[in-house]
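**Q** Turn these sequences into a full structure, and let the hints guide you.
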Amino acid sequence: MIAEHLSENELQQYVSDSLHCEQSIREHIKSCYICKEKAETYQILFSGIQRQQKPEFDFNLTDLVIAQLEQPKRSFSTNIVVAYLLSSIGITAVLISCFLFHEYLSGLFIRYSNLLIYLFMAITAVVFLFQCIEICRKYKKQIGVLNLS
Amino acid sequence: MSGNKENIQKDRYWIDRVLGGDTNAFATIIQNTEGLVTQIVFKMISRTEDRKDIAQDIYLKAFKSLPGFRYQSKLSTWIAQIAYNTCLTYLEKKKLVLIDNRNENIETDDDSLEFVGSKSVIGLFNQTENDIFQRELNEILKSEIELLSPLHKTLITLYHNEELSYEEIARITQLPEGTVKNYLFRARRSLKDNLLRKYKKEEL
Ligand SMILES: [Zn+2]
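From first to last, the protein sequence lines are chains A and B.
The numbering used here numbers the first residue of the first sequence as 1 and each following residue consecutively.
The numbering used here numbers the first residue of the second sequence as 150 and each following residue consecutively.
No lab work stands behind these hints: they were computed from the structure.
What you are looking at is a predicted structure, and each value in this text was computed from that prediction instead of being measured.
Once the Cα atoms are required to be at most 30 Å apart in a straight line, the calculated DSSO-like pairs of lysine-lysine come out as: (1) B/LYS349 - A/LYS30; (2) B/LYS213 - A/LYS140; (3) B/LYS213 - A/LYS138; (4) B/LYS201 - B/LYS302; (5) B/LYS349 - A/LYS36; (6) A/LYS54 - B/LYS210; (7) B/LYS243 - B/LYS291; (8) A/LYS54 - B/LYS243; (9) A/LYS36 - B/LYS291; (10) A/LYS30 - B/LYS347; (11) A/LYS36 - B/LYS350; (12) B/LYS201 - B/LYS159; (13) A/LYS54 - B/LYS349; (14) A/LYS54 - B/LYS244; (15) B/LYS210 - A/LYS140; (16) B/LYS159 - A/LYS54; (17) B/LYS330 - B/LYS349; (18) A/LYS36 - B/LYS330; (19) A/LYS140 - B/LYS223; (20) A/LYS54 - B/LYS330; (21) B/LYS213 - A/LYS54; (22) B/LYS350 - A/LYS54; (23) B/LYS330 - A/LYS30; (24) B/LYS201 - A/LYS54; (25) B/LYS291 - B/LYS350; (26) B/LYS347 - A/LYS54; (27) B/LYS242 - A/LYS54; (28) B/LYS201 - B/LYS242; (29) A/LYS54 - B/LYS291; (30) B/LYS154 - A/LYS54; (31) A/LYS36 - B/LYS302; (32) B/LYS302 - A/LYS54; (33) A/LYS54 - B/LYS223; (34) B/LYS210 - A/LYS138; (35) A/LYS36 - B/LYS347; (36) B/LYS243 - B/LYS302.
Here are some, though not all, of the chain A residues that point toward chain B, as calculated from beta-carbon distances under 10 Å: (37) PHE46; (38) ILE66; (39) GLU70.
Note that CB positions come from ideal geometry on N, CA and C, so glycine has one too.
**A** In structure tokens:
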């Protein structure tokens, strides 16, 4: 048993968790009515805190947040629609010009077949390079967002 | 431990749904964590009119950072951390103090308080069955908690009302566990002392 009265810290330890606090503290409380009363005051304080009402907002937080989340999503989908529209216009234009000039183009292909293949390969390489750069930029941006969190 | 695993699985389920584009799943996440976030906002921010913006800001940030959540804690702890940080930034911006010890001076050993503690208050508390007394005590305690600094108020609430562990509180506030314990000790002691002082005054 502790000869001196318990410190405030020991009293709080006892009231927080009487089962797991030191044996000496428990024994002192058993035999000392002064510390027992002090512990009871803390007990009353602790249960008083636990009885405090939980605060609530006077508005619907979920609705407010979700409403703000859906806005950017909508603009995102319109972006996709615009992208599809533009690319289909582009593809149509290419197909129409192929159709209109197919005789001229096939003539070119027969006469300068090697030249055309090199041209095609060069264009492919350039496009591929641009795609790689774009992916790299996107990746860096996303990593940036992750680091922010 | 299995409860912990279950929590992680639940968190993962809702997070995956949100990341898959299901905004309504985020509504569930809000509903599951709103109680804890509300406690933090109410304890950290005393201006009622500012709480609405801050609460929304917390969840918008959480939504944006959700892809970066690494399951190192419960989702609720992670969101509570965002809540605490958002409130902290607000306090700093408004030049408000997080800890103020003027009303919470516990260094002086007041013998007269001990006397009150062991005699009159206990005398009163012996009739705790009395509802009126309980209600009165609740009211006094409510205003006494209100007088604590934002950090102490928050720590008291997280520990005693939300029943979080020291470890979880330390994670939310990014303070060492020892500091959390120390602040909690001070906050409880000053609450107890102020309560006793109040009852002593009423006796006179
Ligand atoms: Zn003693």
